[in-house]
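Trainee: Residue-level listing of the chains:
2 protein chains.
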Amino acid sequence: MSSAAPRPTGEDDLWSVDEHLEDILSSVHPLEPIELQLLDAQGCVLVEDVTVPVSLPPFDNSSMDGYAVRVADVEGAGEEFPAVLEVVGDVAAGADDPVRVGPGQAARIMTGAPLPPGAEAVVPVEWTDGGLGEGPATGMRARSLAPEGAEGQVRVHRPVAARAHVRAEGSDVKAGDRALEAGTILGPPQIALLAAIGRGTVKVRPRPRVVVVSTGSELVQPGESLGGGRIYDSNSFALTAAARDAGAIAYRVGAVADDAETLRSTIEDQLIRADLLVTTGGVSVGAYDVVKEALADIGDEDVAGSGIEFRKLAMQPGKPQGFGAIGPDHTPLLALPGNPVSSYVSFELFVRPAIRALMGLTDLHRPRVRATLKADKALRSPKGRRQFLRGRYADGEVIPVGGAGSHLVAALAQADALIVVPEDLESVEPGTEVEVVVLG
Amino acid sequence: MSSAAPRPTGEDDLWSVDEHLEDILSSVHPLEPIELQLLDAQGCVLVEDVTVPVSLPPFDNSSMDGYAVRVADVEGAGEEFPAVLEVVGDVAAGADDPVRVGPGQAARIMTGAPLPPGAEAVVPVEWTDGGLGEGPATGMRARSLAPEGAEGQVRVHRPVAARAHVRAEGSDVKAGDRALEAGTILGPPQIALLAAIGRGTVKVRPRPRVVVVSTGSELVQPGESLGGGRIYDSNSFALTAAARDAGAIAYRVGAVADDAETLRSTIEDQLIRADLLVTTGGVSVGAYDVVKEALADIGDEDVAGSGIEFRKLAMQPGKPQGFGAIGPDHTPLLALPGNPVSSYVSFELFVRPAIRALMGLTDLHRPRVRATLKADKALRSPKGRRQFLRGRYADGEVIPVGGAGSHLVAALAQADALIVVPEDLESVEPGTEVEVVVLG
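Chains as they are written, first to last, in our numbering: chain L, 562 to 1001; chain G, 562 to 1001.
Bound conformation, chain L alone (with noise of 0.2 angstroms):
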């Protein structure tokens, strides 16, 4: 990922798509841990280690229904020779204190209730009569309907080996081990092992909050009606769905008008929710582009890596980019181009990797597999310049669908991959092998 070259410094020079990208990563620090409700937390990256406060099980208890007896009570028992044992009471799950079973005597156990004293083994309710008399039970009825079940007598068709049908206390695990490491991305079964041993909050990374401003005076709400020489703003839209989907809590900023003023105002009132500020538009080299005219001069002097930067890639799409820390909190910004193929193309490069940075992720970047190009022609490609084209990828191939226009979201639409072609390659042939970033 990163380059031996040093960084371009004349206004012309363009920046590898790396040395972009590796100045963005060294810039974005994982945000400051949170004590989080466990719910909360899910998908969040764990910062602490957690050790078991308490062994699970915590105590000896019934893996059956059944009831909890002596062993040598029911040595020999069969079926035709039943061991008859007094039943003394239940043991519910949840009791707090169990009755004592002595010699000849059995208590009526539920799954997840703990082993009376007394008691060595349970026996399943379906290998005896389960107090009826009859011949064996197939299930206990309902206490609330047959309390008399926890009294009278049951005959037990088969014999136990001590700490039969018994979850040890600690069998799962024990107090003073440790549960999950630092770094664990917390999903279900990792929720399910923190509840288990009572762990109602957790301290991890937060979910980064990021608010996306699209630009422009063209730009029109969807469901809107559409004035002559506008166009609908798709990509606060789409950056706010794919930022979402990257594990950020997104916010959408609708379009702001081409006025310096204004966006810079716009963007003072969001710094207050946000991590990362992402902005579409104006970064190019036209008289209107106002995120370049906004954010060129409002960093602090005086504090070393304040203000936005704005630079050109060796990337088509997404030439013109800008990066750099705004406001008070030096909170990261992401300037984007505006023509949806390369916001969405620089969203999936540069701001994905950010926000799993944020996250505290160590996995920042989507899968890359080689494939080979299935197509009717020659994938043609700037010389100079990192072509990300956009494409269809399945078992192994790759098929390009659209051109290579930043403006084609149709195409966008049903690609799932984007085909990468390096900056030395003016033109890729049909049954080459060829790098491709997946998508979702």
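Derived by calculation from the structure, the hints in this document are not laboratory data. Check the hints yourself; a few may be wrong.
Which copy is meant is left open, because identical chains are indistinguishable; a pair holds if it fits in one copy or across any two.
[As the list claims (entries may be wrong)] Mimicking EDC-like on lysine to aspartate or glutamate, the simulated pairs with C-alpha atoms at most 20 angstroms apart in a straight line are:
id, residue 1, residue 2
1, K764, D830
2, K938, E870
3, K764, E709
4, K764, E596
5, K735, D610
6, K944, E996
7, K944, E687
8, K880, D937
9, K944, D579
10, K880, E641
11, K873, E984
12, K880, D924
13, K935, E593
14, K735, D977
15, K935, E822
16, K764, E785
17, K880, E687
18, K735, E984
19, K873, E687
All values reported here derive from a predicted model rather than from experimental measurement.
Got chain L; can you put chain G on it based on the hints?
Mentor: For chain G alone, kept in the frame of chain L given last:
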């Protein structure tokens, strides 16, 4: 997935995993479509073919910042003998009524701005002196700082072909084209296209609302203190997280004590916000299995398919299961066993596909792969049961983690796969190829 065998009818007959799943999927139907705001529809399935109402781009526009010119006026232009044109004004993006370009004239034009009447092509600003009367320009000065750029003269250093740097009306999509087909899942690129063609809302199947209720008098909320004989409630947390992961809007209802009336009224209260109900615990043969007690007789005898049916599956873990419909809207309810591993595995096999079916997705199941078993000793599995063991899968190999016990949450949290041991196998040797369900 389907089985030719008739459904079991006797109380002790076992259902196969496939029969139970088939019963669920034949009863659970996609939710009724609703019109949602674009960003609320993210991840949902489109139910309408969407047609393009207005071509994209809606008008010929510039792909560069530069000058809109007439081709004849710049024919033969070079750096030594530039074509000198009169700048008649600016055409910014969003311009409604752009200036007319006559012979010998040019309009300064921005990317995305409509090609003005009279102009035939765009010359990029880098091919001109930018109106400064010096060498080739690198860009334009901001309009707000240098308004004189919209007038005066510009020297053009290179000729252009007709339509050069012009994006033609309809070159992305044409009015009447199909933008997206019914059945498309709306990710960021599809949302980009819908916004670009002006759709503010879209008709999709909504995300199902799933209510998760754990049951058991032994359950304590994580973070609280654990009394004797009690354990922490983990199922309601794990399954709420898993339901979200599957695409649902999930509501966790804290543990309900083992009392049939309380459970019945809790479930009745929750029906109003549920498209699917999931309970854990209380479905086995014990005397305190309240889910079974509360729900076994709840159906309306006059309505086919009403009521919850409890059954035993030829499966480990997860033998006892309940499924049916409840309440006036016949809301589907899955009653899962209470052991943490049993409930999680049951969720993966039965609830997740049901959630995805409610969403209208067609790809309901986790991917399955073949993998080589890497283990110290043979896996044991009870005859006649399909066993799902926890494992870690990578590079064509799967390693079992933890044992078969359905209380082993710690091992579950280390697993990323389920190893499937078919009903007819009692032992699987290391090195054997096994089927693996890849989780997450």
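Trainee: Would you mind marking each hint as holding or not holding in the structure?
Mentor: Evaluation of the provided hints:
{"no.": "1", "hint": "K764 <-> D830", "verdict": "neither (29 angstroms within a copy, 34 angstroms between copies)"}
{"no.": "2", "hint": "K938 <-> E870", "verdict": "neither (39 angstroms within a copy, 60 angstroms between copies)"}
{"no.": "3", "hint": "K764 <-> E709", "verdict": "neither (49 angstroms within a copy, 58 angstroms between copies)"}
{"no.": "4", "hint": "K764 <-> E596", "verdict": "within (4 angstroms within a copy, 38 angstroms between copies)"}
{"no.": "5", "hint": "K735 <-> D610", "verdict": "within (15 angstroms within a copy, 56 angstroms between copies)"}
{"no.": "6", "hint": "K944 <-> E996", "verdict": "within (17 angstroms within a copy, 48 angstroms between copies)"}
{"no.": "7", "hint": "K944 <-> E687", "verdict": "between (77 angstroms within a copy, 18 angstroms between copies)"}
{"no.": "8", "hint": "K880 <-> D937", "verdict": "neither (27 angstroms within a copy, 55 angstroms between copies)"}
{"no.": "9", "hint": "K944 <-> D579", "verdict": "within (17 angstroms within a copy, 56 angstroms between copies)"}
{"no.": "10", "hint": "K880 <-> E641", "verdict": "neither (87 angstroms within a copy, 29 angstroms between copies)"}
{"no.": "11", "hint": "K873 <-> E984", "verdict": "within (15 angstroms within a copy, 62 angstroms between copies)"}
{"no.": "12", "hint": "K880 <-> D924", "verdict": "neither (26 angstroms within a copy, 38 angstroms between copies)"}
{"no.": "13", "hint": "K935 <-> E593", "verdict": "neither (46 angstroms within a copy, 40 angstroms between copies)"}
{"no.": "14", "hint": "K735 <-> D977", "verdict": "neither (46 angstroms within a copy, 22 angstroms between copies)"}
{"no.": "15", "hint": "K935 <-> E822", "verdict": "neither (49 angstroms within a copy, 64 angstroms between copies)"}
{"no.": "16", "hint": "K764 <-> E785", "verdict": "between (44 angstroms within a copy, 17 angstroms between copies)"}
{"no.": "17", "hint": "K880 <-> E687", "verdict": "between (73 angstroms within a copy, 14 angstroms between copies)"}
{"no.": "18", "hint": "K735 <-> E984", "verdict": "neither (56 angstroms within a copy, 33 angstroms between copies)"}
{"no.": "19", "hint": "K873 <-> E687", "verdict": "between (76 angstroms within a copy, 14 angstroms between copies)"}
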